Amino acid sequence: MNKSIIYIYSTMNTIQPYWRSLKKLIALTFCLLCILGLKAQNTPQIMEIEEEYATYPFSDPDPIPVFGKIYPYFRFDGYTTRSIKKKYKIINLENDYLKIKIFPEIGGKIWSVVDKTCGKEMFYDNKVVKFRDISLRGPWTSGGIEFNYGVIGHDPACSFPVNYRTAQNPDGSVSCWISNFDLITRTRWTVEINLPKDKGWFTTSSFWHNSNSGSQPYYNWVNTGIKATEDLELIYPGTYSIGHGGETIPWPMDEERGKNLSRWTENDFGGSKSYHVAGTYEPYFGAYWTSENFGMMHVTDRDEKVGKKFFTWALSDEGSIWEELLTDTNGQYLEVQSGRLFNQNDAHSSRTPYKQVYFTPYSTDVWTEYWFPFKGTSGVTDASLYGVININEGNGVLDFVISPLVQINDTLKFYDAEGEILSSQPISLSVARTFSTSIRFPVERSVYKITLCNRTIWSKENKTLDRPNSETDNFDYNTAYGKYILGRDYSGMRLYDQAERQIKESLELDPNYIPSLVEMSRLCYRRMNYDSAYFFARKALSFDTYHPDANFEYGRSAKQLGKIFDSLDGFEIAAITTPMRSAAYTEISKIYFITKEYDKSEEYAQKSLINNSLNIEGLQLLYLCYRQQNNLPKSDEIAERIKTIDPFNLLILFESTAPNTHLFLENIHTEMPVQSFLELAIWYYSLGMEKECR
35 MNKSIIYIYS TMNTIQPYWR SLKKLIALTF CLLCILGLKA QNTPQIMEIE EEYATYPFSD
95 PDPIPVFGKI YPYFRFDGYT TRSIKKKYKI INLENDYLKI KIFPEIGGKI WSVVDKTCGK
155 EMFYDNKVVK FRDISLRGPW TSGGIEFNYG VIGHDPACSF PVNYRTAQNP DGSVSCWISN
215 FDLITRTRWT VEINLPKDKG WFTTSSFWHN SNSGSQPYYN WVNTGIKATE DLELIYPGTY
275 SIGHGGETIP WPMDEERGKN LSRWTENDFG GSKSYHVAGT YEPYFGAYWT SENFGMMHVT
335 DRDEKVGKKF FTWALSDEGS IWEELLTDTN GQYLEVQSGR LFNQNDAHSS RTPYKQVYFT
395 PYSTDVWTEY WFPFKGTSGV TDASLYGVIN INEGNGVLDF VISPLVQIND TLKFYDAEGE
455 ILSSQPISLS VARTFSTSIR FPVERSVYKI TLCNRTIWSK ENKTLDRPNS ETDNFDYNTA
515 YGKYILGRDY SGMRLYDQAE RQIKESLELD PNYIPSLVEM SRLCYRRMNY DSAYFFARKA
575 LSFDTYHPDA NFEYGRSAKQ LGKIFDSLDG FEIAAITTPM RSAAYTEISK IYFITKEYDK
635 SEEYAQKSLI NNSLNIEGLQ LLYLCYRQQN NLPKSDEIAE RIKTIDPFNL LILFESTAPN
695 THLFLENIHT EMPVQSFLEL AIWYYSLGME KECR
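The sequence shown: position 55 = 89 (our numbering), numbered continuously.
Think of the hints as simulated: they come from the structure by calculation, not from any bench. Be aware that one or more of the hints could be misleading.
[What the hints assert, rightly or not] Simulated pairs of lysine-lysine, BS3-like, Cα-Cα distance not exceeding 25 Å:
no.: 1; residue 1: Lys120; residue 2: Lys161
no.: 2; residue 1: Lys597; residue 2: Lys630
no.: 3; residue 1: Lys150; residue 2: Lys161
no.: 4; residue 1: Lys494; residue 2: Lys483
no.: 5; residue 1: Lys497; residue 2: Lys293
no.: 6; residue 1: Lys307; residue 2: Lys261
no.: 7; residue 1: Lys261; residue 2: Lys154
no.: 8; residue 1: Lys133; residue 2: Lys307
no.: 9; residue 1: Lys103; residue 2: Lys538
no.: 10; residue 1: Lys120; residue 2: Lys103
no.: 11; residue 1: Lys231; residue 2: Lys133
no.: 12; residue 1: Lys668; residue 2: Lys630
no.: 13; residue 1: Lys150; residue 2: Lys123
no.: 14; residue 1: Lys121; residue 2: Lys133
no.: 15; residue 1: Lys483; residue 2: Lys447
no.: 16; residue 1: Lys293; residue 2: Lys307
no.: 17; residue 1: Lys725; residue 2: Lys634
no.: 18; residue 1: Lys409; residue 2: Lys150
no.: 19; residue 1: Lys389; residue 2: Lys103
no.: 20; residue 1: Lys150; residue 2: Lys135
no.: 21; residue 1: Lys634; residue 2: Lys231
no.: 22; residue 1: Lys538; residue 2: Lys389
no.: 23; residue 1: Lys135; residue 2: Lys261
no.: 24; residue 1: Lys231; residue 2: Lys154
no.: 25; residue 1: Lys133; residue 2: Lys150
no.: 26; residue 1: Lys668; residue 2: Lys597
no.: 27; residue 1: Lys133; residue 2: Lys261
no.: 28; residue 1: Lys231; residue 2: Lys409
no.: 29; residue 1: Lys135; residue 2: Lys231
no.: 30; residue 1: Lys119; residue 2: Lys135
no.: 31; residue 1: Lys497; residue 2: Lys135
no.: 32; residue 1: Lys135; residue 2: Lys121
no.: 33; residue 1: Lys161; residue 2: Lys135
[Claimed, not checked] The calculated label-pair distances, taken between Cβ atoms and stated as ranges, are:
no.: 34; residue 1: Tyr515; residue 2: Thr77; range: 56 to 66 Å
no.: 35; residue 1: Met287; residue 2: Asp500; range: 18 to 28 Å
no.: 36; residue 1: Ser350; residue 2: Asn694; range: 56 to 66 Å
no.: 37; residue 1: Leu697; residue 2: Asp205; range: 21 to 31 Å
no.: 38; residue 1: Phe475; residue 2: Gly413; range: 20 to 30 Å
In this text, all values refer to a predicted model and were calculated from it rather than measured experimentally. A virtual CB, placed ideally from N, CA and C, is assigned to each residue, including glycine.
I would like the entire structure built from these sequences, with the hints used as guidance.
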């Protein structure tokens, strides 16, 4: 044998064990790299960038204050047809499925959400920022998701900077929090925009706190722009639609005109339209573009968001002018909206079942909304956090399609009306990968229900509700009670002159009508006419000594008049029954704090949290009580508790950065940062802490 060949052969035999080890090492390294790559791929990202947009700015702030609905804010009256280039701060949240773009300098608006699995936009990604006179203060721009709290209309902060911060969370998700203090109602709202690492949705979780001793208007609607095209279908389960004035019409069919109102193009009559759809129990709504076989969906627990609205400009020249006014190239849009109440009620609505609601003192409301795209379903039959489903059934065959939102390995089960299983099928679902199947069954035994993960994801059960949507009999609003209802609702809309007029007329009809006496006490207190507020509350108590609202207003006005024991008396009796208990305990805690009885103040601050655990005012009092008693471990514990609930809490932020005011200001991004100092100063002063308020 050739010596060279013999040498090579012997050398290979010598190194072969090492070669096998090297191959194993290479394979192991490759596997590790793949795993790391998958891990990196599944880890959501946060980026803070600047991006330039063609912008049509606003100008000319009105130097004259507008007393009434929007006070203490001012309006802007200057708009332009000429654009400028402007850079905006943008927060991007991104996982394998979605890319979210947030504008903290324009109200914290979610400007765009792209479905990365197909490259489609969920909403209305306006390519320009075109401010026009539409909002409560004037400037407003179309597109994305906008958050509105307080009084009816586009939020005072919708075109202005809000506070924000971002975080990578322990569960692997990413969040951007946006927040603002609304000067109209002196309430604070915060929204956490959260993107999970392994789900097909993102969430918006709201925190809203009334830090006042008085009731405030109750209004929340989330306004979402989507593109308007001829193939657009609105997925709004319901049997009727409510107007702003509380009037109702059948939904979705307009039998008189032969129109299906859920098809956007069939709204081609009359002017611009608002539909608040209700009448069935489904907790979802959305939109579907048939030519793209793509859509967006909103799901939430019904006790958290009962309102489902969409708004469209007129499908005529009256509406088309807004295309040019609000965008350059994006075309027409419409709005899909979620609300805490059934409709965005105006004053006329008070003469229907859809009246105004108050935000009670020191209350905190929290809720979470789910938003997601879907594709490939060829329609919508149902939606849940498992996914969007479409079902077609006929001639003994059922076609089932789902656009999944979560990873699922389970058995899909099909039941008949008697609860017997017609068919079952093991399935493996992946996020955003549309799954379809068909089953055959005897014609006489149709499918009644489908389950997955032991949950019903579709059924034929009738979900039509029996709730009345109009007054069943003529109600006389010219009675003492009728006038009271109108006055109360006017007050809840910050229309105080009209409110006072109606309440006075109510008391002329019945001078001893207790609800009107209490409402008049509130109105007088708002005017800082504390003598009159005390008089009306005391008169109400002369007829009902346990009336919770009368006692609370009696306590408030007595406190302003320096009648401390009468004030404590009013709040203590108000606390006997639940409606005003937490608020009354909060006020008692404040009184004892002012008199430096910190142990008593602590006791009542704790009581204020028993049936109102998110009472920020009570928690702040508890924090200060521990601080004043030099119980630092307890005060630190409460501070962390407050930050978990209210990440932008001014008290904790200030106390943790004092005396470095520059560090405090670095965390304030709102339009008027000085208001943060003023609010804190007012709060400290109200507790007798004059040193801190300076």
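Original post:
Holds or violated: lysine 634 with lysine 231, Cα cutoff 25 Å?
Top reply: 47 Å, violated
**OP:** For the pair we were handed, lysine 668 and lysine 597, check the Cα-Cα distance against 25 Å.
**Re:** Given pair lysine 668, lysine 597 is violated - Cα atoms ~33 Å apart, limit 25 Å.
**OP:** Mind checking the alpha carbons of lysine 120 and lysine 103 for me, to see if they're no more than 25 Å apart?
**Re:** 32 Å, violated
Subject >> Restraint status (C-alpha distance of lysine 103 to lysine 538 at most 25 Å) >> reply: At roughly 21 Å apart (the allowed maximum being 25 Å), lysine 538 and lysine 103 satisfy the hint.
Subject >> Restraint check for lysine 133 with lysine 150, where alpha carbons must lie at most 25 Å apart >> reply: 7 Å, holds
Subject >> Supplied distance hint 20 to 30 Å, evaluated on CB atoms of phenylalanine 475 and glycine 413 >> reply: Because 21 Å falls inside the window, the suggested range holds.
Subject >> Pairwise hint evaluation, lysine 307 against lysine 133, where the allowed Cα distance is 25 Å at most >> reply: The given pair, whose Cα atoms are some 31 Å apart, is violated under the 25 Å limit.
Original post:
Does the alpha-carbon distance linking lysine 497 and lysine 135 stay inside the 25 Å limit?
Top reply: Violated, because 36 Å separates the two Cα atoms, which is more than 25 Å.
Original post:
Going straight from one Cα to the other, do lysine 497 and lysine 293 come out at no more than 25 Å?
Top reply: 24 Å, holds
Subject >> Given pair status - lysine 135, lysine 161, alpha carbons within 25 Å >> reply: Within the cut-off at roughly 13 Å; holds.
Original post:
Going straight from one Cα to the other, do lysine 597 and lysine 630 come out at no more than 25 Å?
Top reply: Holds. Lysine 597 to lysine 630 sits at ~17 Å (cutoff 25 Å).
Original post:
Under the criterion that the straight-line Cα-Cα distance not exceed 25 Å, is the pair lysine 135, lysine 261 satisfied?
Top reply: 17 Å, holds
In this structure, the earlier hints numbered 8, 10, 21, 26, 31 are contradicted, and the remaining ones agree with it.
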